[in-house]
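All chains, please: the whole structure from these sequences, using the hints.
Number of protein chains: 2
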Amino acid sequence: MDLEQARKELIALQDQMSAYDHAMGLLSYDGETTAPAGTAANRGHSMGILSEIMYKLSTGKETVELLEFLDAHKEELNQKEQRMVYLLLKDIRFMQKIPMDEYVAYQKFVVECEDVWHNAKVNNDFASYRPYLEKMVDYCVRFAHYAAPDKDPYDYWLNEYEPGINKETCEAFFSTLRERLVPLIHKVAQKPQVSDSCIKGDFDDARQEALAYWLMDLIGLDRDHVGLSTTEHPFTTSLGSHLDERITTHYYPEDLSYSMFSVVHEGGHALYDTGSDDNLAYTVLDGGVSMGIHESQSRFYENILGRSKGFAKFVFPKLQELFPEEMKPYTWEDFYKAINRVQPSLVRTEADEVTYTLHVMIRFELEKRLFAGELKVADLPREWNRLYKEYLGIDVPDDKRGVLQDSHWSFGAFGYFPSYALGSAYGAQFLAKMKETVDVDAALAKGDFSAINAWNKEHIWHYGSLLTPAEILQNTLGAPFDPAYYLDYLEAKCKDVYGL
Amino acid sequence: MDLEQARKELIALQDQMSAYDHAMGLLSYDGETTAPAGTAANRGHSMGILSEIMYKLSTGKETVELLEFLDAHKEELNQKEQRMVYLLLKDIRFMQKIPMDEYVAYQKFVVECEDVWHNAKVNNDFASYRPYLEKMVDYCVRFAHYAAPDKDPYDYWLNEYEPGINKETCEAFFSTLRERLVPLIHKVAQKPQVSDSCIKGDFDDARQEALAYWLMDLIGLDRDHVGLSTTEHPFTTSLGSHLDERITTHYYPEDLSYSMFSVVHEGGHALYDTGSDDNLAYTVLDGGVSMGIHESQSRFYENILGRSKGFAKFVFPKLQELFPEEMKPYTWEDFYKAINRVQPSLVRTEADEVTYTLHVMIRFELEKRLFAGELKVADLPREWNRLYKEYLGIDVPDDKRGVLQDSHWSFGAFGYFPSYALGSAYGAQFLAKMKETVDVDAALAKGDFSAINAWNKEHIWHYGSLLTPAEILQNTLGAPFDPAYYLDYLEAKCKDVYGL
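Going line by line, the protein sequences match chains A and B. In terms of numbering that gives the first Met the number 0, the first sequence has 313 at position 314, counting the first letter as 1, and numbering is strictly consecutive. In terms of numbering that gives the first Met the number 0, the second sequence has 28 at position 29, counting the first letter as 1, and numbering is strictly consecutive.
Treat each hint with caution, since some may be false.
For chains that are exact copies, the list does not tell them apart, and a pair is met inside one copy or across any two.
[Stated by the list, open to error] List time: in silico DSS-like cross-link candidates among lysine-lysine, alpha-carbon distance up to 27 Å:
#1 434 with 150
#2 367 with 317
#3 327 with 432
#4 107 with 55
#5 7 with 107
#6 7 with 55
Keep in mind that the hints were calculated from the coordinates and are not lab data.
This is the structure we're talking about:
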């Protein structure tokens with residue numbers, strides 16, 4: 000094989016893969032946003048066939064020979080090519096270990112399982128979802144065993160979502176957080192509660208949608224390349240390349256803040272993805288590198304910026320303009336307090352910043368025990384409810400707002416949740432670093448995200464997946480990751496809002 | 000090769016093709032409905048790659064050998080298999096004649112061309128579209144030459160959309176129509192015009208959408224398998240199989256009837272497609288057989304049923320419920336007259352039933368001359384405007400409402416328009432036949448489409464593409480196609496509305 004030819008084939012291979020990713024990503028996005036209720040089987044049929052073809056493309060003899068040839072010549076490759084070969088071989092080595100029949104069956108099963116979860120949530124019917132979730136846990140344990148027979152299966156998946164982490168590092172991280180968060184929540188509970196009445200009411204979809212688009216523009220999303228749709232459980236997806244990104248939201252008439260902050264959260268994901276260098280498009284280096292770094296961006300925009308004093312002050316006049324009657328009794332300070340109210344609650348995606356991590360810890364505990372065989376799926380609702388009582392002191396009234404609330408398990412994303420907490424903590428340390436050169440408060444006060452976005456683009460976004468998460472943290476922070484930044488940040492926020 | 004094995008491979012081949020059709024159909028549907036404005040290039044990239052793969056799959060050595068083997072054993076195949084082999088070989092023999100590079104480049108070009116058309120229409124800017132349209136005409140002439148070197152290229156495309164027709168049969172058909180339609184339009188013009196004020200006003204999207212869903216239910220669409228989205232130029236598409244059908248509409252605040260009748264029109268297409276026998280799914284026999292038969296169904300629901308007296312009377316109370324203020328001054332008779340007002344107009348999709356065919360004739364004339372090299376694309380706007388003056392007696396104020404109004408040419412659909420007129424005429428003859436066994440007027444008066452739909456399903460829908468258009472017409476009508484039914488129908492309608 001000739002090296003120049005092999006380099007061209009490396010690009011052509013990724014071109015093909017990106018087209019299949021586009022097609023399959025769009026099938027899934029359509030299912031979550033637009034498709035009629037009875038079309039899941041049809042989608043599963045197509046998804047099964049396309050993923051079989053994708054499997055053959057990615058793990059076929061020609062591809063493996065090409066990548067092993069390039070890997071053998073890696074000193075002659077540039078940094079991008081080296082990383083492409085590394086990432087592609089990593090996936091192939093995973094896929095090679097999974098029997099094709101199982102892989103294809105799994106792809107079809109995911110479509111079905113997401114659909115069953117969706118209906119189970121709507122109907123508050125865990126029983127109908129149980130056999131699917133059991134099968135999903137089995138798949139994920141089995142696939143982890145195939146991929147890394149000597150590794151603990153849960154460690155395997157944790158590392159997939161955030162390279163470098165495992166149960167032990169997560170336990171240490173969560174225990175550091177717990178030490179200061181539990182007393183912080185206690186202190187807040189002893190103070191008079193702040194009111195959130197200004198974000199509660201009856202807010203129509205049309206004006207919430209207008210607000211969503213305004214927020215997209217405000218935080219600097221390019222709407223020529225980032226679309227907004229509605230769905231049950233908001234998510235973000237890249238279709239084919241970072242040049243076509245979709246975010247989603249859900250409008251609840253009774254709560255103005257849900258859609259607002261989901262748009263800013265998903266918008267953070269979309270800023271990260273669409274910030275990839277354009278020359279990474281149609282390669283495996285396009286878009287964000289890991290879930291932890293991804294969540295560091297989404298939760299940075301949602302919370303660190305989105306729930307800041309400066310942002311609240313800047314956004315409030317827009318709320319007054321869109322909802323003049325509803326906002327009449329309130330000031331921007333009321334809005335600021337409302338969106339920073341600390342209150343143990345049922346639903347992770349609606350949780351405040353301080354109690355949020357406890358929701359993640361509960362999922363981490365349950366996943367760990369499910370994967371160790373110490374907990375059965377049948378007992379999940381009971382254990383879920385018990386841990387919510389223990390960690391957050393609240394009773395779960397139904398599975399809809401309990402164990403059925405998140406979509407993640409329905410598409411096999413076990414080991415994903417800890418990256419939400421890690422990402423939040425990375426974000427606080429990024430903020431401290433950013434403030435050395437960017438006047439973040441002044442930028443928020445003006446509603447001008449350009450300097451903030453430029454800093455993130457320079458240090459994080461433009462690399463796409465070229466650097467590892469550890470390299471991004473090291474290059475950007477110039478110091479080890481330290482959760483103390485996050486805890487300091489949360490304590491300062493509570494001091495400000497509750498006058499601790 | 001073993002015949003049983005070959006039969007299985009025939010099914011597996013169509014399974015794969017349906018997955019690619021699903022993916023590419025969804026890419027295109029997404030582009031027309033949901034995708035952000037700047038994503039056409041990304042979509043073109045994926046479409047180019049997928050269509051290259053689809054090309055190789057459909058025309059590759061293995062496929063050709065399989066189908067030729069089956070064709071050689073066709074006496075041993077059942078009717079369905081025979082028809083599958085015939086249709087697949089027909090496509091292969093077409094594709095084999097197109098150089099692959101050109102085919103792939105064309106697929107990418109279509110995406111771009113649709114995008115340019117869309118922007119040109121929005122900006123009333125024919126000049127930006129002109130070079131693309133020139134290229135598109137060249138492609139279509141060239142492809143017709145490749146496919147049928149001895150055939151007139153426009154005849155080739157006419158026959159593609161409605162097997163069995165050519166320039167000569169179209170000219171005869173249009174001339175028969177012209178003989179009675181021109182005097183009919185003249186007679187109507189001498190009568191006092193009926194008012195359409197009850198469908199004009201300021202109707203908000205939300206209530207128009209509620210009406211659209213109500214109409215979908217009314218005509219018997221299964222919303223578990225048929226979705227509704229909004230777009231610039233309404234269309235219907237099947238995704239993967241008839242089990243996932245999408246219709247689209249456009250809400251104009253100033254005109255209530257536009258969306259109503261586009262929903263009923265596209266709904267007719269969707270009824271036809273989703274009425275295929277379920278065992279045709281994932282094969283080339285799934286969904287409607289030709290554009291002429293398709294339009295016979297869509298225009299049957301839109302006009303013959305949708306603009307009937309019975310339907311107007313049944314629907315009007317729903318309009319009163321949704322728009323109580325707007326409908327206060329009117330009766331159902333006003334509504335009936337408004338939706339049957341005959342008035343030469345600019346836009347085909349908004350034209351009344353009587354003048355509609357003249358819009359089609361203009362396109363037929365222009366396409367014929369473009370393909371014969373007698374008309375240049377650069378001169379299209381001028382010729383368009385001249386013919387609108389000559390045929391319809393009206394001045395075209397801008398290209399947006401003139402030559403840029405239809406999307407068809409932007410995706411290469413030359414020769415498609417005559418099937419709208421043919422379909423309308425088929426529909427009138429179907430109605431006469433249906434009335435022999437179904438009390439259509441009573442069904443409309445009750446808003447109960449079950450007997451009507453059952454008749455259409457039995458005679459037309461359930462076959463999918465198993466029968467040819469000629470076979471459907473012959474089997475159903477038991478007589479040759481005769482445009483006199485259509486002319487009788489239109490004259491009766493004008494007599495009723497204008498008291499001729």
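Violated constraints from the hint list, given by number and in increasing order: 1, 2 and 3
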